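Since the structure of chain A is provided, determine the placement of chain B on it from the hints.
Protein chains: 2
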Amino acid sequence: MKIAIMGYGTIGSGVAAVVEENRESISRKVGEPLEVKYVLDLREFPGDPIQEKIVHDVDVIMNDPEVAIVVETMGGVEPARTFVKKALSAGKSVATSNKELVAKCGTELLDLAKENQVSFLFEASVGGGIPIIRPLNQCLTADEIMEITGILNGTTNYMLTKMDKEGMTFDAVLKEAQEKGYAEKNPSADIDGFDACRKIAILSSLAYGSQVDYEDIYTEGITKITDTDFKYANKMGTSIKLFGTSRRVGEQFYAMVAPVMIDSSHPLYAVNDVFNGIMVEGNMVDKLMFYGRGAGSLPTASAVVADVIEEAKNLHTTLLTSWSTKKLALADMGTYSRKFFVRMAGKRSEKAAQAEAAFGKVTYIELEGLDEFAFVTPEMKESDYMEKAAKLCGVLQMIRMDM
Amino acid sequence: MKIAIMGYGTIGSGVAAVVEENRESISRKVGEPLEVKYVLDLREFPGDPIQEKIVHDVDVIMNDPEVAIVVETMGGVEPARTFVKKALSAGKSVATSNKELVAKCGTELLDLAKENQVSFLFEASVGGGIPIIRPLNQCLTADEIMEITGILNGTTNYMLTKMDKEGMTFDAVLKEAQEKGYAEKNPSADIDGFDACRKIAILSSLAYGSQVDYEDIYTEGITKITDTDFKYANKMGTSIKLFGTSRRVGEQFYAMVAPVMIDSSHPLYAVNDVFNGIMVEGNMVDKLMFYGRGAGSLPTASAVVADVIEEAKNLHTTLLTSWSTKKLALADMGTYSRKFFVRMAGKRSEKAAQAEAAFGKVTYIELEGLDEFAFVTPEMKESDYMEKAAKLCGVLQMIRMDM
Numbered sequence: 001m002k003i004a005i006m007g008y009g010t011i012g013s014g015v016a017a018v019v020e021e022n023r024e025s026i027s028r029k030v031g032e033p034l035e036v037k038y039v040l041d042l043r044e045f046p047g048d049p050i051q052e053k054i055v056h057d058v059d060v061i062m063n064d065p066e067v068a069i070v071v072e073t074m075g076g077v078e079p080a081r082t083f084v085k086k087a088l089s090a091g092k093s094v095a096t097s098n099k100e101l102v103a104k105c106g107t108e109l110l111d112l113a114k115e116n117q118v119s120f121l122f123e124a125s126v127g128g129g130i131p132i133i134r135p136l137n138q139c140l141t142a143d144e145i146m147e148i149t150g151i152l153n154g155t156t157n158y159m160l161t162k163m164d165k166e167g168m169t170f171d172a173v174l175k176e177a178q179e180k181g182y183a184e185k186n187p188s189a190d191i192d193g194f195d196a197c198r199k200i201a202i203l204s205s206l207a208y209g210s211q212v213d214y215e216d217i218y219t220e221g222i223t224k225i226t227d228t229d230f231k232y233a234n235k236m237g238t239s240i241k242l243f244g245t246s247r248r249v250g251e252q253f254y255a256m257v258a259p260v261m262i263d264s265s266h267p268l269y270a271v272n273d274v275f276n277g278i279m280v281e282g283n284m285v286d287k288l289m290f291y292g293r294g295a296g297s298l299p300t301a302s303a304v305v306a307d308v309i310e311e312a313k314n315l316h317t318t319l320l321t322s323w324s325t326k327k328l329a330l331a332d333m334g335t336y337s338r339k340f341f342v343r344m345a346g347k348r349s350e351k352a353a354q355a356e357a358a359f360g361k362v363t364y365i366e367l368e369g370l371d372e373f374a375f376v377t378p379e380m381k382e383s384d385y386m387e388k389a390a391k392l393c394g395v396l397q398m399i400r401m402d403m
Numbered sequence: 001m002k003i004a005i006m007g008y009g010t011i012g013s014g015v016a017a018v019v020e021e022n023r024e025s026i027s028r029k030v031g032e033p034l035e036v037k038y039v040l041d042l043r044e045f046p047g048d049p050i051q052e053k054i055v056h057d058v059d060v061i062m063n064d065p066e067v068a069i070v071v072e073t074m075g076g077v078e079p080a081r082t083f084v085k086k087a088l089s090a091g092k093s094v095a096t097s098n099k100e101l102v103a104k105c106g107t108e109l110l111d112l113a114k115e116n117q118v119s120f121l122f123e124a125s126v127g128g129g130i131p132i133i134r135p136l137n138q139c140l141t142a143d144e145i146m147e148i149t150g151i152l153n154g155t156t157n158y159m160l161t162k163m164d165k166e167g168m169t170f171d172a173v174l175k176e177a178q179e180k181g182y183a184e185k186n187p188s189a190d191i192d193g194f195d196a197c198r199k200i201a202i203l204s205s206l207a208y209g210s211q212v213d214y215e216d217i218y219t220e221g222i223t224k225i226t227d228t229d230f231k232y233a234n235k236m237g238t239s240i241k242l243f244g245t246s247r248r249v250g251e252q253f254y255a256m257v258a259p260v261m262i263d264s265s266h267p268l269y270a271v272n273d274v275f276n277g278i279m280v281e282g283n284m285v286d287k288l289m290f291y292g293r294g295a296g297s298l299p300t301a302s303a304v305v306a307d308v309i310e311e312a313k314n315l316h317t318t319l320l321t322s323w324s325t326k327k328l329a330l331a332d333m334g335t336y337s338r339k340f341f342v343r344m345a346g347k348r349s350e351k352a353a354q355a356e357a358a359f360g361k362v363t364y365i366e367l368e369g370l371d372e373f374a375f376v377t378p379e380m381k382e383s384d385y386m387e388k389a390a391k392l393c394g395v396l397q398m399i400r401m402d403m
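Each protein sequence line maps, in turn, to chains A and B.
For the first sequence, counting from 1, position 92 maps to 92 in the UniProt record's numbering; every step adds exactly one.
For the second sequence, counting from 1, position 112 maps to 112 in the UniProt record's numbering; every step adds exactly one.
The following block holds chain A by itself, in its conformation from the complex (with noise of 0.2 Å):
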């Protein structure tokens, strides 16, 4: 059973260390030895035994009929969505890794998938090694989704935690997770949900049924996130968590990426550092969660490689099916309801009757030597929360709260 993989980086190179380091089971596994024939990329890796499989042309794999299944790692829409359509149309099964093509070229590749008889796999565009979108798929079935929300982005996480359990600021801690190479030297994708937003997408679609584009979702990022917050946070016996999350309230479904406060109560509470965690409710099986590596070379590379071994076990079957190209309304942020933790410059003293005037009864947080002080609304409307809040002076953060 041969193999290409197109992309030699940090996935990439997994891929091949995976299938070299347990060659013996996975080829029991499989039936037969399962090799890596080609390995396309720009570059050559001199030294590297992997430089006698490098190819630069894409043909070389397309055109090889001995080649049954495709890794694509390469990351980015184009030119992987034009590569894998070739694997594909040629009657090769794919599996990726890359959320931005999943998310935006999904259905399109899965319904090419279907044509050609062969399969679309990607397991590892969400939550990295963590075993999520094969649950969803074939163990959750008997379910309505209620809702899904996860930490699915390691690097937000471990800069959070970091905030959280050492009081570092955000420029710090920023600049930590780039030197130990967590954060990019660009690290908007990261920060700013935009990663985390793909992947709720796809979650979304596959939980859903439906198309549900990542543009339609409300995303904000954590850079708004200070120190201070976290200070409330502590005392109040919380933590703040990116999330990305949606959920089906009636006949309307919600969907966001946005930094959110939640208590120890919570399943994702205690997923901290570079981990994600992903919790599932169901209408009849409830909450459920799953938790792991969401990011890094070997486990995510874990996740691409069991795609292959299912897909070499079932060559010239489709095993995945399309969700409907049907898009799905994602109903307006504004009218879902919960409570608010929001920070006001001045003193309580002074400034308590605005606030109740505003929201009726709060729930107040004070620090120390700080010339503000926080509240927690009661629950309501985010839009009458937004109403409210903007004619109020001096607010200086809002945190969306899930408890």
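These are calculated hints, taken from the structure and not from any lab test.
Small disclaimer: the values here were computed from a predicted structure and weren't measured.
A couple of the hints might just be wrong.
Said to hold, decoys possible - Each pair of labels, with its calculated beta carbon distance range: (1) B:P33 x A:E115: 23 to 29 Å; (2) B:G91 x A:E52: 49 to 55 Å; (3) A:T169 x B:G394: 51 to 57 Å.
Built from N, CA and C at the ideal position, the CB exists for glycine as well.
Then chain B, alone, in the frame of chain A:
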């Protein structure tokens, strides 16, 4: 698509309820309406709409070619085994929640399913509604599994949580659990660890690909755990959980069911009350954790019905292949190294010399007002611990540590 349910108890009635409640979405996934045609039970259910489907003769089900899938929710080995064999031999796929049956006859029934080109699935037999069988079989195939550790019994986890958080005694919490219906009148299967033992046997057989006989697994329940143990644990910032665990160390495999002391860095530390949690460590993916409701009518039925849907979509296919009938030889627990928590009668000032002579440098924990003290040994082989402890006077308690 017609199915039959054998056994209309907690799970069986849950299966009927799930099929009814989510009728529309289940039919969409199967591609045609899914309907319960028969329910096998010795009892009558006058007034229950199920009554019209009740049959007392299993052959009514077996001889009806319209019934494609049979759900087995009777529990126990016989007559479940005989009925499941009849169903598989008649070309019907089977989904079961019966851990005794799977632990005892798993390979036999998987092989029989294969012979008849049908499936024998048992996602619900371990972890109730938590997807774990399918993830182990399909998602973690690129890994060598190094460890599986689970809180696999909700009843004992509820009891230990109450003892931990509320200081209740073992007897009081058992009585409460029985009153709430969490524990049976005869609670032995839960509190002596037999239930967890069968579940870890199933998971280990799947993970390592060879038959793990539950009779071979060292099994210790929670009956010796006292409120005093939890007083020490609270002081140490630890907790005590009933673990079913199996671990690969080099070429050796260990398996055990026993109460274990862990600290908050363990992925299963926050698994409380009736919830189950299962930690799987692969050599590539590192540690994963799966969390949810390990028992209860609807959550467990959710897993059974998901198996039914998978079987309905793949009639005349064998979805799960057997592990090897070759028996996995388990290593002697005596050769396993770890730390031990030990309680000793008497004053530390009088007994410390004895403890240190036996175990070397130990770490003491003392509680006020007790005529006893506790210590943690250095890491040592269990056989060494046992040999040395046997020579000491006044050992009140030993709990294995995983930290």
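Status of each hint after checking the structure:
no. : hint                        : result
1   : B:P33 x A:E115: 23 to 29 Å  : holds (28 Å)
2   : B:G91 x A:E52: 49 to 55 Å   : holds (51 Å)
3   : A:T169 x B:G394: 51 to 57 Å : holds (54 Å)
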